[in-house]
Amino acid sequence: MARYFIRRALSVIPTLFIVITLSFFLIRLAPGGPFARERDVPEAILQNLLKRYHMDEPLFKQYLRYMGDILRWDFGPSYRYRDLTVNEIIDHGLPVSMSLGVISLALAVVGGIAVGIISALNQNKWQDYVAVSVAVIGISVPLFVMGPVLQLVFGMRLKILPIGQWVSTHGLKAIILPAVTLAFPYFAYIARLSRASILEVLRSDYIRTARAKGLKESAVVWKHVLKGALLPVVTYLGPAFSGIVVGSIVIESVFLVPGIGRPFVQSALNRDYTLIMAEVVVYSLILIIANLVVDIIYGLLDPRISYK
Amino acid sequence: MRKILFALFALLAVAGLSAQEFTMVNGAEPTSLDPHAVEGVPEHRIYTALFEGLTINDPRTNRALPAVAESWSFSKDYKTCTFKLRRGTTWSDGVEITADTVVQSWLRKMDPKNAFQYADLPAMYIAGAQEYLDGKAGPESVKIRAVDKYTFEVQLVGPIPFFADMVSHYAFAIVPLHAIEKYGTDWVKPDKMVSNGPFVLSEWKPQEKIVVVKNNKYWDAKNVVLKKITFIANDDINVGYNLYKSGAADWTEAVPLELMDEAKLRKDFHVAPQYGTYYYIFNVTRKPLDDARVRKALAMSINKNDIVNKVTRGGQIAANGFVPPSTGYTPAKGYGYDPATARKLLAEAGYPDGKGFPTLSILYNTSSSHKSIAEFIQAQWKENLGISVNLLNQEWGTYLDTRSQSHNFDIARAGWIGDYLDPSTFLDMFVTGGTQNDGLYSNKTYDELLQKSRETSGNERYQLLMEAEKVLIDQDMAILPLYYYVTQNLIDTDKWDGWYPNPLNVHPWKFIRPKK
Numbered sequence: 000m001a002r003y004f005i006r007r008a009l010s011v012i013p014t015l016f017i018v019i020t021l022s023f024f025l026i027r028l029a030p031g032g033p034f035a036r037e038r039d040v041p042e043a044i045l046q047n048l049l050k051r052y053h054m055d056e057p058l059f060k061q062y063l064r065y066m067g068d069i070l071r072w073d074f075g076p077s078y079r080y081r082d083l084t085v086n087e088i089i090d091h092g093l094p095v096s097m098s099l100g101v102i103s104l105a106l107a108v109v110g111g112i113a114v115g116i117i118s119a120l121n122q123n124k125w126q127d128y129v130a131v132s133v134a135v136i137g138i139s140v141p142l143f144v145m146g147p148v149l150q151l152v153f154g155m156r157l158k159i160l161p162i163g164q165w166v167s168t169h170g171l172k173a174i175i176l177p178a179v180t181l182a183f184p185y186f187a188y189i190a191r192l193s194r195a196s197i198l199e200v201l202r203s204d205y206i207r208t209a210r211a212k213g214l215k216e217s218a219v220v221w222k223h224v225l226k227g228a229l230l231p232v233v234t235y236l237g238p239a240f241s242g243i244v245v246g247s248i249v250i251e252s253v254f255l256v257p258g259i260g261r262p263f264v265q266s267a268l269n270r271d272y273t274l275i276m277a278e279v280v281v282y283s284l285i286l287i288i289a290n291l292v293v294d295i296i297y298g299l300l301d302p303r304i305s306y307k
Numbered sequence: 000m001r002k003i004l005f006a007l008f009a010l011l012a013v014a015g016l017s018a019q020e021f022t023m024v025n026g027a028e029p030t031s032l033d034p035h036a037v038e039g040v041p042e043h044r045i046y047t048a049l050f051e052g053l054t055i056n057d058p059r060t061n062r063a064l065p066a067v068a069e070s071w072s073f074s075k076d077y078k079t080c081t082f083k084l085r086r087g088t089t090w091s092d093g094v095e096i097t098a099d100t101v102v103q104s105w106l107r108k109m110d111p112k113n114a115f116q117y118a119d120l121p122a123m124y125i126a127g128a129q130e131y132l133d134g135k136a137g138p139e140s141v142k143i144r145a146v147d148k149y150t151f152e153v154q155l156v157g158p159i160p161f162f163a164d165m166v167s168h169y170a171f172a173i174v175p176l177h178a179i180e181k182y183g184t185d186w187v188k189p190d191k192m193v194s195n196g197p198f199v200l201s202e203w204k205p206q207e208k209i210v211v212v213k214n215n216k217y218w219d220a221k222n223v224v225l226k227k228i229t230f231i232a233n234d235d236i237n238v239g240y241n242l243y244k245s246g247a248a249d250w251t252e253a254v255p256l257e258l259m260d261e262a263k264l265r266k267d268f269h270v271a272p273q274y275g276t277y278y279y280i281f282n283v284t285r286k287p288l289d290d291a292r293v294r295k296a297l298a299m300s301i302n303k304n305d306i307v308n309k310v311t312r313g314g315q316i317a318a319n320g321f322v323p324p325s326t327g328y329t330p331a332k333g334y335g336y337d338p339a340t341a342r343k344l345l346a347e348a349g350y351p352d353g354k355g356f357p358t359l360s361i362l363y364n365t366s367s368s369h370k371s372i373a374e375f376i377q378a379q380w381k382e383n384l385g386i387s388v389n390l391l392n393q394e395w396g397t398y399l400d401t402r403s404q405s406h407n408f409d410i411a412r413a414g415w416i417g418d419y420l421d422p423s424t425f426l427d428m429f430v431t432g433g434t435q436n437d438g439l440y441s442n443k444t445y446d447e448l449l450q451k452s453r454e455t456s457g458n459e460r461y462q463l464l465m466e467a468e469k470v471l472i473d474q475d476m477a478i479l480p481l482y483y484y485v486t487q488n489l490i491d492t493d494k495w496d497g498w499y500p501n502p503l504n505v506h507p508w509k510f511i512r513p514k515k
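Chains as they are written, first to last, in numbering that gives the first Met the number 0: chain A, 0 to 307; chain B, 0 to 515.
Please note that the accuracy of each hint is not assured.
Once the Cα atoms are required to be at most 27 Å apart in a straight line, the calculated BS3-like pairs of lysine-lysine come out as [said to hold, decoys possible]: (1) B:451 x B:226; (2) B:112 x A:158; (3) B:112 x A:50; (4) B:112 x A:226; (5) B:494 x A:158.
Simulated coverage check for chain B against chain A, where a stretch passes if three residues somewhere in it have a Cβ under 8 Å from a Cβ of chain A [said to hold, decoys possible]: (6) 292 to 301; (7) 448 to 456.
Worth flagging that the hints you see were computed from the coordinates, not collected in a lab.
For each residue, glycine too, the CB sits at the ideal point set by N, CA and C.
Let the hints inform the model, and build the full structure from the sequences given.
This is how it looks when you write it as structure tokens:
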């Protein structure tokens with residue numbers, strides 16, 4: 000187990016290396032550059048700007064310099080936001096994006112499993128129909144539609160929740176709408192997934208045995224059904240977490256959440272090379288680690304899997 | 000009873016207090032709070048709260064009002080401008096601002112090593128500054144000096160009667176060099192920043208908000224009523240509009256095109272002429288666009304009134320001339336909608352009924368309104384001239400590269416908003432070899448007229464500029480003006496005083512206050 004974990008952890012290094020190298024050269028292929036403006040920058044100033052950011056050096060030398068900096072977790076200055084280093088931008092935004100992501104994931108998992116259980120145990124009754132309809136809506140309505148609709152209803156009409164901005168302005172209330180919006184499609188998918196797998200487990204032999212030996216229904220559900228039914232949900236956690244992290248880029252714009260998603264989009268439009276690179280590294284790390292964690296949880300839940 | 004009265008008083012006090020706080024949806028996260036690095040509208044609005052140059056803009060007319068300078072005068076030939084500084088004006092930490100502070104600040108802006116965008120703006124007007132900016136001479140070549148502690152003198156490259164108006168621009172900002180020396184680039188952080196405007200920086204949460212509070216050391220602090228301003232950073236205009244509508248913000252600028260009809264019905268929606276023009280650039284080096292008859296035919300076959308009334312719908316003004324009208328300046332007449340003459344011109348150029356006309360493309364940057372306008376023009380040219388054009392949509396960075404670097408386009412969308420109220424900010428762009436002359440237009444007469452205008456002043460100068468515009472538009476139709484921009488602002492002027500629509504859309508914060 001420990002050896003497996005170490006091996007998996009080490010495999011992060013070549014993955015990241017490839018991601019960084021590819022991104023470094025790919026973003027420089029895009030037309031334009033960080034200092035292009037509608038009102039052209041005078042030549043003398045442009046040359047000094049390039050010098051300041053070492054962009055006058057050969058590309059490969061820039062690459063080596065960058066790799067050296069990144070080993071020290073130094074992402075360099077932002078080309079766009081002159082007053083801030085890229086590390087400062089990430090340090091400001093990452094905790095915000097992470098907490099939004101984790102809260103949304105928790106909402107999706109807890110809510111999704113609960114609804115899944117209720118609808119499976121009440122198959123083809125009204126509870127089931129309601130749950131299935133909600134799930135269909137959740138899966139088919141995109142985030143950028145769901146967000147503004149919730150803003151309109153809860154922010155503009157009912158005026159009970161803020162339309163946008165974050166905790167420093169509105170307190171914890173500010174988290175509700177973005178988290179719910181972000182969680183919704185994953186909640187819906189998890190509800191469907193757990194409903195289907197619970198139904199399948201309910202029909203399996205070991206459940207029939209459990210019931211035959213006279214176990215109480217609640218014990219059957221909590222001890223046997225749930226454990227078996229959770230496996231597909233856990234498998235889905237990896238993609239769900241990635242989806243939530245990436246989806247938060249949309250949500251951050253819609254709800255003015257000061258995370259790392261908005262600077263990511265802006266950095267691409269502004270050709271803010273250092274900031275794009277840092278965002279790519281951070282997002283890759285989050286996704287790689289999330290997948291690693293899912294693999295480990297999976298092993299803990301399913302005795303058939305062993306780590307070698 | 001006393002309890003009720005007390006509660007009532009408390010309530011009034013709270014209401015009064017909150018009315019002295021102001022929140023605005025400010026657009027994108029500012030690229031910098033350093034006045035010399037400012038280059039966009041959101042940064043400019045924060046700049047006007049925190050800093051003041053020698054002059055500031057009048058909130059109604061945009062002309063110069065005294066600020067750090069209490070008065071100014073020109074030499075007879077308008078080539079030297081002398082500013083008298085207000086005595087005892089200080090930074091928020093109490094350090095005095097003198098003529099030498101102004102000299103050192105301007106030199107910092109133009110120092111090529113500092114690589115500030117917009118450094119070429121002061122360099123265009125101050126004698127000897129261009130050489131310094133180009134690295135050909137040292138700072139001593141720049142003709143600015145402190146005559147005494149409170150007198151600052153500038154020698155200009157020619158007669159520039161609007162120079163006092165211009166120095167309200169952030170390119171002429173005065174900065175606290177003592178703080179910059181002490182803290183380096185960190186001097187703009189909330190616990191370190193020193194400023195001289197009506198407000199000082201209190202909080203900066205990147206991608207979220209910037210909060211400024213009243214500066215008690217400001218020379219005119221007794222006339223500043225607002226206690227606190229919050230600038231919300233946002234890059235989605237729908238959210239900005241909703242924040243305003245829900246009452247969470249007191250002022251926002253942008254209205255989504257889809258909601259324009261709703262916004263126009265609101266009493267607090269202010270539309271006013273802006274000093275800016277939306278136009279198309281012809282790449283005059285390409286056939287058949289190298290023929291002025293073709294360019295004129297293309298211009299005369301567009302119904303610009305339909306563009307502003309049916310497409311943009313926000314009160315924009317159809318434009319046949321390029322420079323927006325202003326006092327003393329009448330833009331070129333240009334050509335109105337005249338499809339019959341357009342067809343005749345196109346036939347003269349060798350394309351009767353559009354036959355044999357190559358398929359050109361219109362380049363524009365991603366935006367639903369640019370797209371709608373291009374589609375409308377595409378349809379008009381098809382209908383009126385029988386020619387087909389393609390639409391070419393590119394994301395901003397790519398579009399700029401195509402338009403300004405490779406010049407690999409036929410017709411490109413463009414827009415320009417004047418930095419200050421003078422026609423030269425528009426006409427200077429199209430001199431031969433100009434950095435913004437993306438259609439590669441070149442006309443000797445035009446160049447000479449502009450050169451001559453730099454050596455004259457007053458009415459004579461305006462005549463030369465108007466003549467130049469006639470060459471650019473009436474004679475050559477080098478660019479195709481479509482409409483004059485308007486400013487669109489949502490702010491309740493029944494509640495707020497001191498805010499007026501104006502052509503540069505600059506609204507100094509010291510004047511804004513709750514209405515009594």
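Quick rundown of the hints versus the structure:
Annotation: proposed proximity of residue 451 of chain B to residue 226 of chain B is violated, straight-line Cα distance about 49 Å (limit 27 Å). This hinted pair does not check out: residue 112 of chain B and residue 158 of chain A have alpha carbons roughly 52 Å apart, beyond 27 Å. Distance hint between residue 112 of chain B and residue 50 of chain A is fulfilled; the C-alpha atoms sit about 9 Å from each other, no more than 27 Å. For the hint linking residue 112 of chain B to residue 226 of chain A, the alpha-carbon distance of about 66 Å lies beyond 27 Å, and the restraint is violated.
For the proposed pair residue 494 of chain B and residue 158 of chain A, the alpha carbon gap of about 22 Å is at most 27 Å, so the pair holds. With 0 residues carrying a beta carbon less than 8 Å from a beta carbon of chain A, the stretch 292 to 301 of chain B misses the three-residue requirement, and the given coverage is violated. Coverage of the stretch 448 to 456 of chain B by chain A is violated. Counting CB-CB distances below 8 Å, 0 residues qualify, and the rule asks for three or more.
Checked against the numbered hints given earlier, the structure breaks hints 1, 2, 4, 6, 7 and satisfies all the rest.
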